[in-house]
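Chemist: Make the full structure from the sequences, and use the hints.
Order-wise, the sequence lines are chains A and B. In this text, residue positions in the first sequence follow this note's numbering: the first is 1, and each later residue adds one. In this text, residue positions in the second sequence follow this note's numbering: the first is 1, and each later residue adds one.
It cannot be assumed that every hint is accurate.
[Stated by the list, open to error] Mimicking SDA-like on lysine to any residue, the simulated pairs with C-alpha atoms at most 25 Å apart in a straight line are:
(1) K55/A x K117/B
(2) K117/B x N46/A
(3) K117/B x R154/B
(4) K96/A x D198/A
(5) K164/A x K117/B
[What the hints assert, rightly or not] Take a look, some chain B residues computed to stay more than 10 Å from chain A by CB distance:
(6) D234
(7) K304
(8) Y419
Quick caveat, the hints were computed from the structure, so don't treat them as lab data. Cβ atoms here follow ideal geometry from the backbone N, Cα and C, with glycine treated the same way.
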Amino acid sequence: MEKKQLIISVGREYGSGGHYIANKLAEIFSLPVYDSNLMSDLASENNLYLHKLSKYDEVPKKHLLSRTVCGYSNSPEENVANLQFNFLRKKASEGKSFVVVGRCSEDVLSEFKGLITIFVLADMKDKINVVRKNENVSASVAEVLIKQMDKNRKTYHNYYCKGKWGDSRNYDLSINSSKLGLDATAEFIADYIRKRTDN
Amino acid sequence: MLPQVIAVAIFIIMFGLVITEKIERHIVTLFCGLLTIVVLFGLCMRSTDAIMQTLNVRTLFTPEFWYNAGSSEDGSTGINWATILFIAGMMIMVEGMALVGFFRWLCMSIARLVKYKTIPVFITFMLMSAILSMFIDCITVILFLAAVTVELGRLLKFNPVPMILSEIFCANLGGAATMCGDPPNIIIGTSLGYTFADFVVNTGVIVLVALILVVVYFYFFFRKELTANNSDIDIANMPDPKKVITNKKGFIIHTLIFFLAVALLVTHAMTGLTVAFIGVFIALLTLIAAGKKAPTLIAKADYKTLLFFIGLFVVVGGLEQTGILEIISAFIGKISGGNPRLIVAIIIWISAVASAFIDNIPFAATMVPVIKSLAETENVSLAVLAWALSMGTDIGGNATPIGASANVVGTSVAAKKGYPISWRRYCVSLVPPTIMVLVAATLMIWFRYL
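Modeler: Quick look at the structure:
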């Protein structure tokens, strides 16, 4: 019997370990992960320059520098976002199963029955620790970085989606990774997915 | 004083909302137009005359509106119906041409003619962009050119971005050469009563010189980037231009209609047919030729732009009726000390800077009454100011990715195909030629007319 399609969308706060959890889920369910690597797939499939696309990955549209004429927008951020959304829709339409990190996937892929949407958050002190370690910066710089990145993600998300970024009503499951730790959170989510899919 | 404050407030609200794009721009201008009629003319001024003059419907029922080239009567007051009917007609004609594959065929044929060699394709596409934009709106020209350029870029292995940037510049430049090339020119021409030939022998000459300059500039600026990955091309493997024609008979008919439109425009000063007549006539011919597909063509016409124009003209009519534009023109006259060269320079450069950041259509519509008043009070030829305004608004729009519709559409087509163009990339490439052409235009107007 053909396996049912499973698409796991993982939204995340910066430093919450959402990316780690997404990779863990991909490992558990043997699925490919689409995150920033989505750009390289997109570039290689269409013979494009990766470095020119990557700098607009999950970057909010600059409204004051943008104009729309007859449905055409000059905003590179918006056009690259739409390229990514179309890429995800195409993969999902082909019946493929995958894990996707961010990129408005909970909204862009909402029409697909196999979609399960997760949002990972964490306590500020834990996020600061993760960012300090990963970026090799002081605690105060890490906090500024977290606030800036989350603001960008929120602006980016809320421009393209009906629901608000991080709003629990927008996701099947919102979870604070500080409470169980990253691995246990991933296991908890995996159990939830198994119950949803009988996988 | 109160009517002037209200008129300015409505205008600023309109401009602000158009820039933010939170609400579709035609809804913004129509709403602000309604505010102008109800609040400004109705409640504040209690003037039915102002309403009638701004709506300008009577002009549609005068014989001069249809047959009397060069008439400027009622033109610059309120809704400029000639502009709207002409643009609507051209939209339908262009949709008819697109439907049968004319633009793709033309691009592919020219690429084949120059044997798919990158630099000749680059130069011919720039020229084609400029020439087509003299008669067809820049949006359509760039839409097709940019798409074919990306396609050729993939086949011939060159980066399409430099070519698209050059095409955008040349489309805006070509549009400045004629009365029907760019919306600001249509507004200037129909409002002030200038003919197609007037534009060609005045702005057209400046554009010709500028085109030579920019083709040379772009060649030296982009040639390394364009020839970096070139390899030998097997022409036999390239797409056949004939295959993009969707309907042979329709193709011939719509091409003939296009040439008829060009002929009518070129000769309209002699025949006496107004641009409003030409627009309606060409639209009717196109719809008859399209037969069953006529409703599709009507549906495809960009009615939102036409509604945008209607609302815009009403709001600008509010500024005109309350004398705000005369105050602006008096201010320009005062700071220039009545020096015609300074007035021309102010008109060109202020129009250029404004058009680089805001839509040049509302700017041109606002400036037409200003230059009319300036010509009366400062003893400067209205024609000279009209050419200065045309060059400033049309060329200034080239400087930024949001300055003109062609820029937005061209950069968008490139990005949609995976070639995003940043502001930095755009401005580094196109600001220097914009300044170069503006300097050339200022000097040519100074030495030719003043």
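Chemist: All hints, please: hold or fail.
Modeler: These are the hints, each one checked on the structure:
1. At roughly 32 Å between alpha-carbon atoms, K55/A and K117/B are farther apart than 25 Å, so this suggested pair is violated.
2. Only pairs whose Cα atoms come within 25 Å are accepted, and K117/B paired with N46/A is accepted, the gap being roughly 23 Å.
3. Distance restraint check for K117/B and R154/B: the Cα-Cα separation of roughly 13 Å lies within the 25 Å cut-off, and the hinted pair is therefore satisfied.
4. For the suggested pair K96/A and D198/A, the alpha carbons sit about 18 Å apart, so the restraint of at most 25 Å is met.
5. For the proposed pair K164/A and K117/B, the alpha carbon gap of about 50 Å is over 25 Å, so the pair is violated.
6. Taking the minimum C-beta to C-beta distance to chain A, about 18 Å, the non-interface status of D234/B holds against the 10 Å cut.
7. A beta-carbon of chain A comes within 10 Å of the beta-carbon of K304/B; the shortest separation is about 8 Å.
8. Residue placement check: Y419/B does not keep its beta carbon more than 10 Å from all beta carbons of chain A (closest about 7 Å).
When held up to the earlier numbered hints, the structure conflicts with 1, 5, 7, 8 and fits the remainder.
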